[in-house]
Amino acid sequence: MSDKPHSKSAPAIVTRFAPSPTGTLHIGGARTALFNWLYARHTGGKFLLRIEDTDRERSKDEHVTAILASLKWLGLDWDGEPLFQFARADRHRAVAAQLLAAGSAYKCYLTPDELAAMRAKAEAEKRPYVVESPWRDADPATAPAHVKPTVRLRTARTGETVTNDQVQGRVVVPNKDLDDMIILRSDGAPTYNFAVVVDDHDMGVTNVIRGVDHLTNTARQTQVYNALGWELPAFAHIPLVHGGDGAKLSKRHGAQGTDEYRSMGYLPAALRNYLARLGWSHGDDEIFSTEQAIAWFDIVDVGKSAARFDFAKLSDLNGNYIRQTSDAELLEHLRACLAGVGSAADLTIAVDLKSPARPDLKLLKEVATVRPDLVSGVALLAAFDAVGATKLVAALPSLKERARTLPELAAGLLYLIAQRPLKLDDKAAKLIDADAKQALAGLIARFEAAEMWDASALEAIVREFAETQGLKLGRVAQPLRAALTGRTVSPPVFDVMAVLGREEALARLKDQA
RNA sequence: GCUCCCUUCGUCUAUCGGUUAGGACACCAGAUUUUCAAUUUGGUAAGACGGGUUCGACUCCCGUAGGGAGCGCCA
27 MSDKPHSKSA
37 PAIVTRFAPS
47 PTGTLHIGGA
57 RTALFNWLYA
67 RHTGGKFLLR
77 IEDTDRERSK
87 DEHVTAILAS
97 LKWLGLDWDG
107 EPLFQFARAD
117 RHRAVAAQLL
127 AAGSAYKCYL
137 TPDELAAMRA
147 KAEAEKRPYV
157 VESPWRDADP
167 ATAPAHVKPT
177 VRLRTARTGE
187 TVTNDQVQGR
197 VVVPNKDLDD
207 MIILRSDGAP
217 TYNFAVVVDD
227 HDMGVTNVIR
237 GVDHLTNTAR
247 QTQVYNALGW
257 ELPAFAHIPL
267 VHGGDGAKLS
277 KRHGAQGTDE
287 YRSMGYLPAA
297 LRNYLARLGW
307 SHGDDEIFST
317 EQAIAWFDIV
327 DVGKSAARFD
337 FAKLSDLNGN
347 YIRQTSDAEL
357 LEHLRACLAG
367 VGSAADLTIA
377 VDLKSPARPD
387 LKLLKEVATV
397 RPDLVSGVAL
407 LAAFDAVGAT
417 KLVAALPSLK
427 ERARTLPELA
437 AGLLYLIAQR
447 PLKLDDKAAK
457 LIDADAKQAL
467 AGLIARFEAA
477 EMWDASALEA
487 IVREFAETQG
497 LKLGRVAQPL
507 RAALTGRTVS
517 PPVFDVMAVL
527 GREEALARLK
537 DQA
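Just so we're aligned, residue 27 is where the first sequence starts under the working numbering, counting upward by one.
Hints in this document: simulated from the structure, not taken from any laboratory. Watch out, some of these pointers could steer you wrong.
[Unchecked claim] Result set (EDC-like, lysine to aspartate or glutamate): computed pairs, CA atoms no more than 20 Å apart in a straight line:
1. Lys72 <-> Glu317
2. Lys133 <-> Asp165
3. Lys339 <-> Asp311
4. Lys449 <-> Asp459
5. Lys388 <-> Asp459
Just so it is clear, the structure is predicted and the values come from calculations on it, not from any experiment.
Using the sequences and the accompanying hints, generate a full structural model.
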């Protein structure tokens, strides 16, 4: 991992991620965090965290906890302690007072009702709603005693405010379109666009990387920087992530919370890789390690257009990562995944029928056919734990070749917790006809005589049996699979038998013979 | 409505004035196979539209269309 500074003379890069704890970590937010993190790590700078909790109504501690947990799960470590914005209200007020004293801000006695009326009028007349406060130039002595004022920034009415954005390029906003923004509410609370500037400055943030939805805020924030005489950070407004239909990502598209992606069985490394490729690229590289992403990441390679979220591609990537991950580690990821999977009832509600089936939901449906007593990921996890890590790990190698998500892996493990006598699904039941029963009986005798109980020995037995009977291997292997797993699809049957063990495997075969 | 932004295969993207417009996912067909996958071979598929500039435009400029974001005493 490169911890070398970009260049010796340049000041250290400081980026930040500033989520608002009014909900869990949105997947789009996760990507914003990732870009900030990658850039900081790439340059050997710092990646800071700020919790924007100034909306006291909607901010919740549980959301803070959830957001931090999601960032950790994604492997995005931040430097230092998170800064809580609300705790800095005094500092914000002090800066506002400084602006007031300098004449760069003024008290405005316009009431919410008056503002609403102005707005309605503007809309009725179809002209842009730009507040022109009479208090900008009024004599403070004429202020009404009963109205608590807001504090507005006194901004230029002519000229233009220019943002040289590292992604969007030069963005120009005429100052006449920008009204005197409120920096302090009538209750003394700082507003977002003001607090952000003060905090970014105080935290020493050099690069602001955030979603384009903040682009128009930048002009206003620039005015604050200018009023304070502070140096502007570099801005990079990255494109948003949309759902598969091009509309803003929402529940309808399957999932928006990062924790849901964990439940759906995506590995953090795979999600990182996928998210990094959304809006950013390094030539034709598709699958790369986090170290490579850090080494390669640069803002200049971020594109301008919005990207659509594609679960198929994420799943493919995830399959690659699953295959690369060690069995022991995979088991840990599986645990974390299942621990977050609720009941099927929880999952069916919000999801659009047209969006791809959620892997976790699919798993739950499958579990219901094998073990109806297990109704949630947590219950399933307990059943797996009863089987023991040794068996689970032994079953993983042949399973992970074919799984794209963790729930698929869990589904493949289901034969281990199926209870005898197995309930065969329709296709499997069909496979066990009279001929098959006869073959099974013949095989059972040979299996009982087997000296070794491992996949290759078992395969040799079956191959020989098939040959002497003049049968194709498939004619014998398929009924075996059906009897052992209750399904027509499973990992190679000989692996299944080896993992199941002699006693259980024979018992299952006898149940069907 | 006003302001700003975006537009290459279905999707993510490469291309930084000269390419048979490349890769990945998805899809289709073949090989392999005890099932499903994985693997492997091949294939379908794109510069929104209209004008310029230029010897030459996907690349630069203008317009049109479509999409997105923002316009709060929310963040």
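So if I understand the rule, the pair passes when the alpha-carbon distance is 20 Å or less; does Lys133 with Asp165 pass? This hinted pair holds, its Cα atoms lying about 10 Å apart.
Pairwise hint evaluation, Asp459 against Lys388, where the allowed Cα distance is 20 Å at most: Violated: Lys388 and Asp459 sit about 29 Å apart, past 20 Å.
Take the C-alpha atoms of Lys339 and Asp311, compute the straight-line distance between them, and say whether it is at most 20 Å. holds, 14 Å
Measure nothing beyond the straight line between the CA atoms of Lys72 and Glu317; if it is 20 Å or shorter, mark the hint as holding. holds, 16 Å
Does Asp459 sit within 20 Å of Lys449, going by the straight-line distance between their CA atoms? holds, 15 Å
Taken one by one, the earlier hints fail for this structure only at number 5.
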